[in-house]
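Please construct the entire structure, taking both the sequences and the accompanying hints into account.
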Amino acid sequence: MATLTDAPQNPRPAARVRTGWDANPVLRWMRANLFSSIASTITTLILFVVLAKAIVNLASWGILNAVWTVPGNDTNACRAARGIGACWAVIPEKYRFILFGTYPFDQQWRPALAVLTFIALFYVSTRRSFWRKELVLIWAGALSLIGLLMWGGIPGLPFVSQERWGGLPVTLVLATFGLAFGFPLGILVALGRRSKLPAIRSLCVLYVELIRGVPLISLLFMASVMFPLFMPEGFNIDKLLRAQIAIVLFAGAYLAEVIRGGLQAVPRGQHEAAEALGLSYWQRNRLIVLPQAIRHVIPPLVNTFIAFFKDTSLVLIIGIFDLLTTAKTAIIDPAWQAFSVEVYLFVAAIYFVFCFAMSRYSRQLEQARAER
Amino acid sequence: MTISTPKRPPRPRMQFSLRNDQFKGLLWQILVVGIAVVIIGWLWSNAVHNLSVRRISTGFTFLGREAGMPITDTWIAYNPRDTYLRAFIVGLVNTLRVAAIGIVLATILGTMVGIARLSANWLLSRLAAIYVETLRDIPLLLQVLFWYVMMQGLPPARGAWKPIEGVFLSNRGLIIPGIPLDSAQYGIIGLAVLGLAVFYAIRRYLIAKQMADGQPRRIWPYGLLLVIILPALVSWLAGVTWTISMPELRGFNFAGGWTVAPEYFALLIALVTYTSAFIAEIVRSGIQAVHKGQWDAAAALGLKRSFVLQQIILPQALRVIIPPLTSQYLNLTKNSSLAVAIGYQDIVSIANTTLNQTGQAIEAIALIMLVFLTISLSISLFMNWYNARIALTER
Numbered sequence: 024m025a026t027l028t029d030a031p032q033n034p035r036p037a038a039r040v041r042t043g044w045d046a047n048p049v050l051r052w053m054r055a056n057l058f059s060s061i062a063s064t065i066t067t068l069i070l071f072v073v074l075a076k077a078i079v080n081l082a083s084w085g086i087l088n089a090v091w092t093v094p095g096n097d098t099n100a101c102r103a104a105r106g107i108g109a110c111w112a113v114i115p116e117k118y119r120f121i122l123f124g125t126y127p128f129d130q131q132w133r134p135a136l137a138v139l140t141f142i143a144l145f146y147v148s149t150r151r152s153f154w155r156k157e158l159v160l161i162w163a164g165a166l167s168l169i170g171l172l173m174w175g176g177i178p179g180l181p182f183v184s185q186e187r188w189g190g191l192p193v194t195l196v197l198a199t200f201g202l203a204f205g206f207p208l209g210i211l212v213a214l215g216r217r218s219k220l221p222a223i224r225s226l227c228v229l230y231v232e233l234i235r236g237v238p239l240i241s242l243l244f245m246a247s248v249m250f251p252l253f254m255p256e257g258f259n260i261d262k263l264l265r266a267q268i269a270i271v272l273f274a275g276a277y278l279a280e281v282i283r284g285g286l287q288a289v290p291r292g293q294h295e296a297a298e299a300l301g302l303s304y305w306q307r308n309r310l311i312v313l314p315q316a317i318r319h320v321i322p323p324l325v326n327t328f329i330a331f332f333k334d335t336s337l338v339l340i341i342g343i344f345d346l347l348t349t350a351k352t353a354i355i356d357p358a359w360q361a362f363s364v365e366v367y368l369f370v371a372a373i374y375f376v377f378c379f380a381m382s383r384y385s386r387q388l389e390q391a392r393a394e395r
Numbered sequence: 008m009t010i011s012t013p014k015r016p017p018r019p020r021m022q023f024s025l026r027n028d029q030f031k032g033l034l035w036q037i038l039v040v041g042i043a044v045v046i047i048g049w050l051w052s053n054a055v056h057n058l059s060v061r062r063i064s065t066g067f068t069f070l071g072r073e074a075g076m077p078i079t080d081t082w083i084a085y086n087p088r089d090t091y092l093r094a095f096i097v098g099l100v101n102t103l104r105v106a107a108i109g110i111v112l113a114t115i116l117g118t119m120v121g122i123a124r125l126s127a128n129w130l131l132s133r134l135a136a137i138y139v140e141t142l143r144d145i146p147l148l149l150q151v152l153f154w155y156v157m158m159q160g161l162p163p164a165r166g167a168w169k170p171i172e173g174v175f176l177s178n179r180g181l182i183i184p185g186i187p188l189d190s191a192q193y194g195i196i197g198l199a200v201l202g203l204a205v206f207y208a209i210r211r212y213l214i215a216k217q218m219a220d221g222q223p224r225r226i227w228p229y230g231l232l233l234v235i236i237l238p239a240l241v242s243w244l245a246g247v248t249w250t251i252s253m254p255e256l257r258g259f260n261f262a263g264g265w266t267v268a269p270e271y272f273a274l275l276i277a278l279v280t281y282t283s284a285f286i287a288e289i290v291r292s293g294i295q296a297v298h299k300g301q302w303d304a305a306a307a308l309g310l311k312r313s314f315v316l317q318q319i320i321l322p323q324a325l326r327v328i329i330p331p332l333t334s335q336y337l338n339l340t341k342n343s344s345l346a347v348a349i350g351y352q353d354i355v356s357i358a359n360t361t362l363n364q365t366g367q368a369i370e371a372i373a374l375i376m377l378v379f380l381t382i383s384l385s386i387s388l389f390m391n392w393y394n395a396r397i398a399l400t401e402r
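These protein sequence lines map, in sequence, to chains A and B.
To convert, take the position in the first sequence, counting from 1, and add 23; that gives my numbering.
To convert, take the position in the second sequence, counting from 1, and add 7; that gives my numbering.
Think of the hints as simulated: they come from the structure by calculation, not from any bench.
By construction, the Cβ of each residue, glycine as well, lies at the ideal position given by its N, Cα and C atoms.
You may find that some hints are simply not true.
As the list claims (entries may be wrong) - Beyond 10 Å from chain B on every Cβ pair, some chain A residues (computed):
#1 Leu-70
#2 Ile-329
#3 Ser-336
#4 Gln-390
As the list claims (entries may be wrong) - Result set (SDA-like, lysine to any residue): computed pairs, CA atoms no more than 25 Å apart in a straight line:
#5 Lys-299(B) with Arg-54(A)
#6 Lys-219(A) with Glu-295(A)
#7 Lys-31(B) with Trp-305(A)
#8 Lys-311(B) with Ser-60(A)
As structure tokens, then:
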């Protein structure tokens with residue numbers, strides 16, 4: 024350790040007197056970050072020209088020459104502007120269908136409320152002060168509320184079968200229920216994979232590697248085509264539920280690998296100390312090991328959640344009406360067929376907002392940990 | 008510790024009591040395996056019953072039947088009268104060619120973007136960051152559909168875009184000048200590949216010698232000789248002709264040249280840009296993981312900056328990069344199955360059509376899983392071997 028001596032403190036270097044353009048902080052910043060060398064200057068100039076051109080083109084397509092409204096279904100104005108300007112008029116015309124699918128029109132406040140409940144649930148889950156056991160109850164309560172809103176069936180809320188659900192709520196349902204059921208499954212499988220019992224370990228390895236080795240599409244095909252084949256004759260369950268099962272199994276395998284990483288990061292001493300206290304296997308894991316392991320892997324857990332939030336869009340291929348499928352269906356209408364790019368951009372923006380918020384959050388967690 | 012008797016303690020006899028851990032473990036295993044066996048058996052008996060009711064015979068005999076499905080974009084000869092087996096092979100080749108080319112392009116693009124993100128130039132690093140953030144946060148399927156719509160929105164063949172002479176971009180896809188290949192040309196290409204292998208062996212030998220005596224040696228002349236000059240000489244002596252076929256517009260379509268179908272092109276662009284965003288992040292964190300002192304130390308030795316990057320920084324960064332890069336390669340391969348959404352006939356799409364035509368659901372999906380498990384396993388094995396090769400050898 025360095026000892027404090029009476030050696031003179033480092034005197035602060037006298038502030039250099041800046042003169043000319045060097046005195047201007049903006050110019051100084053530009054010199055350091057944009058024109059530091061000849062190569063950097065050339066790069067900046069080329070990028071600036073390309074960027075300026077792209078921005079001008081995009082602005083003239085997306086704003087200046089865009090058609091914002093058209094009377095009724097008369098898309099002649101849009102057709103006239105084709106290739107020069109965007110036809111944003113398709114969004115106000117179709118947004119209810121894109122967001123909520125074929126849910127009864129006068130009841131669409133219910134899925135809207137369900138979406139808000141989802142967002143509130145995500146927000147609450149990100150707050151450190153809510154990382155307690157009660158969070159499980161909050162999730163159970165919120166998911167039941169969402170089920171009640173979507174299905175209804177009580178006085179005042181007429182029943183809506185899940186065949187009529189569509190759009191954003193379906194995407195959120197698939198992803199969130201995938202997490203809610205995949206997470207406990209993942210914990211069990213991760214524990215099983217680290218178990219000393221060979222039969223259980225190999226079953227878990229087989230499950231994880233099999234699911235991770237094949238594309239999600241083949242699991243969804245299995246759910247949509249093979250599931251009825253494997254059930255007793257005459258027994259069938261809804262397509263949405265079948266896809267949900269496939270997504271839970273898929274999420275379980277990926278989450279198991281993330282949680283296993285966390286389990287490996289918990290020192291052996293924690294296990295041994297818990298064992299010395301006479302705790303049983305389940306007590307050891309529930310009270311000592313898992314709480315530490317999961318805290319370790321919250322950022323990768325969020326990233327996994329982002330990944331399968333995006334992957335829920337694959338249900339399009341088996342014909343389930345999630346956000347992407349409603350968007351694709353909205354532009355089957357001949358009057359609007361030519362304006363799919365606008366609709367895709369609109370849906371991309373929705374996905375982007377959700378994923379970007381989550382990835383910012385995960386990065387904040389990582390930075391907070393790095394600073395500790 | 009002092010153990011005076013070398014005799015091993017007697018193996019504790021298993022006690023059939025719930026307080027005994029070993030016995031409990033055995034019970035748990037029997038329970039879990041029993042449940043798994045019961046569930047699988049129940050599913051299987053249901054399947055057997057359902058199949059007999061629907062009069063679908065199990066087994067892979069259907070592979071020998073005539074497929075009768077048209078496949079438009081193929082690399083190997085195929086016509087609808089061929090068997091299902093042949094159709095599956097065509098689909099497999101289609102999957103492999105989009106995955107292999109996609110992996111190469113995504114690696115190049117991703118590395119460039121990853122290095123750009125670390126650039127001292129603010130504008131360049133910001134643009135790279137925006138590229139990564141945007142592409143990562145939008146579902147790949149949406150991007151595939153978007154690029155496909157963009158391809159369809161291109162002008163028809165007659166009004167095709169012509170960025171440079173001989174290259175056409177239209178709603179028929181991308182058409183570029185091609186070189187017609189026959190057995191003679193393939194022979195020359197094979198010779199060049201062989202030359203590359205020999206060159207690689209020579210390079211290893213020369214590097215080993217340099218390691219021994221510290222004397223730098225020129226390596227590239229051997230490459231030039233073996234890969235280019237020798238095959239060119241053989242080709243000239245044997246009289247192999249190389250012609251360039253320029254595409255030209257005939258009627259409503261193009262003749263000559265090589266055509267990249269719009270479905271393939273859209274899928275490839277989407278896969279490459281999406282995966283490159285992830286690879287960029289991996290490359291960035293890999294380079295950042297190399298300690299700054301390594302740059303300073305190399306500079307203090309007076310080494311050239313390009314030499315430092317190639318010989319000192321990259322080999323160390325690769326150790327951090329390879330494992331996550333492997334999983335991106337696997338993801339790209341699995342994601343190539345999104346082809347089914349835009350009608351590019353990869354293995355999944357072919358299996359799906361087969362399934363609809365024959366009802367052989369179990370076999371078709373089993374084939375998909377078999378193919379992807381094999382590909383995944385091969386990529387992991389190769390990358391594990393590569394990773395072990397570049398791993399730090401500690402004394």
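Taking the hints in turn, this is what the structure says about them:
1. With a least CB separation of 5 Å from chain B, Leu-70(A) falls inside the 10 Å interface cut-off, contrary to its annotation.
2. Interface exclusion of Ile-329(A) from chain B breaks down, the closest Cβ pair being 8 Å apart, not more than 10 Å.
3. A beta-carbon of chain B is positioned within 10 Å of the beta-carbon of Ser-336(A); the least distance is around 4 Å.
4. Under the 10 Å C-beta cut-off, the non-interface status given to Gln-390(A) relative to chain B holds; the minimum distance is some 14 Å.
5. Distance restraint check for Lys-299(B) and Arg-54(A): the Cα-Cα separation of roughly 24 Å lies within the 25 Å cut-off, and the hinted pair is therefore satisfied.
6. Annotation: proposed proximity of Lys-219(A) to Glu-295(A) holds, straight-line Cα distance about 15 Å (limit 25 Å).
7. A distance of roughly 13 Å separates the Cα atoms of Lys-31(B) and Trp-305(A); the hinted pair therefore holds under the 25 Å criterion.
8. Only pairs whose Cα atoms come within 25 Å are accepted, and Lys-311(B) paired with Ser-60(A) is accepted, the gap being roughly 18 Å.
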